[in-house]
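Please model the entire structure based on the sequences and the hints provided.
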Amino acid sequence: MTQTGDGELARSAAAGDGDAFAELVRRHAPRVRALCAATLGGPGEAEDAAQEAFLKAHRALPRFSGEASFSTWLHRIAVNHCLDVLRAAGRRRSDSLEALLEADSEALGRALSEPSPAKSLEDRDAVERLLSRLPPEQRLALTLRELEGLTYEEIAAAMSCSLDSVKARIRRARAELAGMARHFPGADIV
Amino acid sequence: MTHEKIRELLSEWLDGELDAPARAAVSAHLDACPACDAEAARLRRLGPALFRAPVRPDPRATEAFVARVMARVDSDSVSLWERLAARVLAPALGLALAGLVFAIAMPDPDEDAPLGVAAVSADAGSAFEVAP
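So the sequence lines, in the order shown, correspond to chains X and D. Residue 102 is where the first sequence starts when you use the numbering used here, and the numbers rise one by one after that. Residue 37 is where the second sequence starts when you use the numbering used here, and the numbers rise one by one after that.
The set of hints was computed from the structure by calculation and includes no laboratory data. Keep in mind that a hint or two might mislead.
[Said to hold, decoys possible] Here are a few chain D residues that face chain X, going by a calculated C-beta distance under 7 Å:
id	residue
1	Glu53
2	Leu54
3	Val105
4	Arg108
Beta carbons are placed, not taken as given, at the ideal position from N, Cα and C, and that holds for glycine.
Shown next as structure tokens:
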């Protein structure tokens with residue numbers, strides 16, 4: 102039996118078919134949730150953001166023209182939503198680099214010296230605090246590159262910006278992280 | 037190329053985003069320059085150190101997520117109707133009510149009309165009846 106395509110499901114969902122939208126959520130939830138988790142860190146915030154991205158997509162379904170694939174269209178909505186959340190979080194953030202170094206330098210040293218998926222929760226929290234120091238646009242561009250392996254052109258399309266902006270954002274994000282990493286004891290990237 | 041220029045290109049070089057001549061120039065420089073090569077290695081290790089590959093999602097967790105999203109979609113659809121009612125239907129109803137009140141409160145124009153006008157109207161009516 103052939104699987105109904107995303108485009109057809111999107112058209113049915115736009116016409117009010119709840120089952121069609123549920124199937125779209127089922128298909129695309131893993132990627133959207135992974136993006137939100139990598140970009141926003143905290144599990145509660147990431148979960149809320151992933152749900153909100155799908156909710157925004159549902160409201161926007163009547164405007165889905167089918168020019169781009171549903172996957173690309175949805176991904177762009179999720180990227181923009183993550184960017185909004187990061188910008189709002191950035192306005193609330195008040196911890197200084199000194200405070201970060203004082204609280205997390207050992208955990209960050211461990212996390213950076215042992216690049217493995219099996220990091221402790223404490224180390225992952227410290228990594229999250231480190232990444233949260235990047236400007237939202239830089240963090241998102243680097244996440245799309247490192248996590249999803251997107252090309253610069255794909256990142257530019259997802260973030261609705263120029264290729265030069267993508268190059269600059271990723272270059273500056275790496276330089277900033279490498280610069281901060283030099284302060285952590287034991288990190289072999291230092 | 038200078039060391040500074042090479043370091044500026046390292047990020048794109050790592051991601052395979054340079055054109056062939058630039059890529060070859062950076063690679064040749066790294067072969068000959070231990071300091072820039074060490075910097076490239078540092079940047080290369082950042083990704084795996086800071087970004088975890090997503091774990092394969094548990095189908096039950098995905099189904100639970102689908103259920104949560106659909107519950108929000110349903111309540112969003114209800115609140116959409118509520119918003120529509122608040123923004124469109126309520127003012128429309130208010131306007132209709134105001135119109136009704138205005139119509140009732142307004143005196144009958146014929147009652148206040150000057151006698152002459154009423155008489156002319158009456159005459160005109162009878163003229164139509166008489167004339168074939």
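Going through the hints against the structure:
1. The restraint placing Glu53(D) at the interface with chain X holds, with a minimum CB-CB distance near 5 Å, inside the 7 Å limit.
2. Here the hint on Leu54(D) is broken, as its CB sits about 10 Å from the closest CB of chain X, past 7 Å.
3. At its closest, the beta carbon of Val105(D) sits 5 Å from a beta carbon of chain X; the interface hint therefore holds under the 7 Å criterion.
4. At about 6 Å, the closest approach between the beta carbon of Arg108(D) and any beta carbon in chain X falls short of 7 Å, and the interface hint on this residue holds.
Against the hints set out earlier in the document, a violation occurs for number 2 only.
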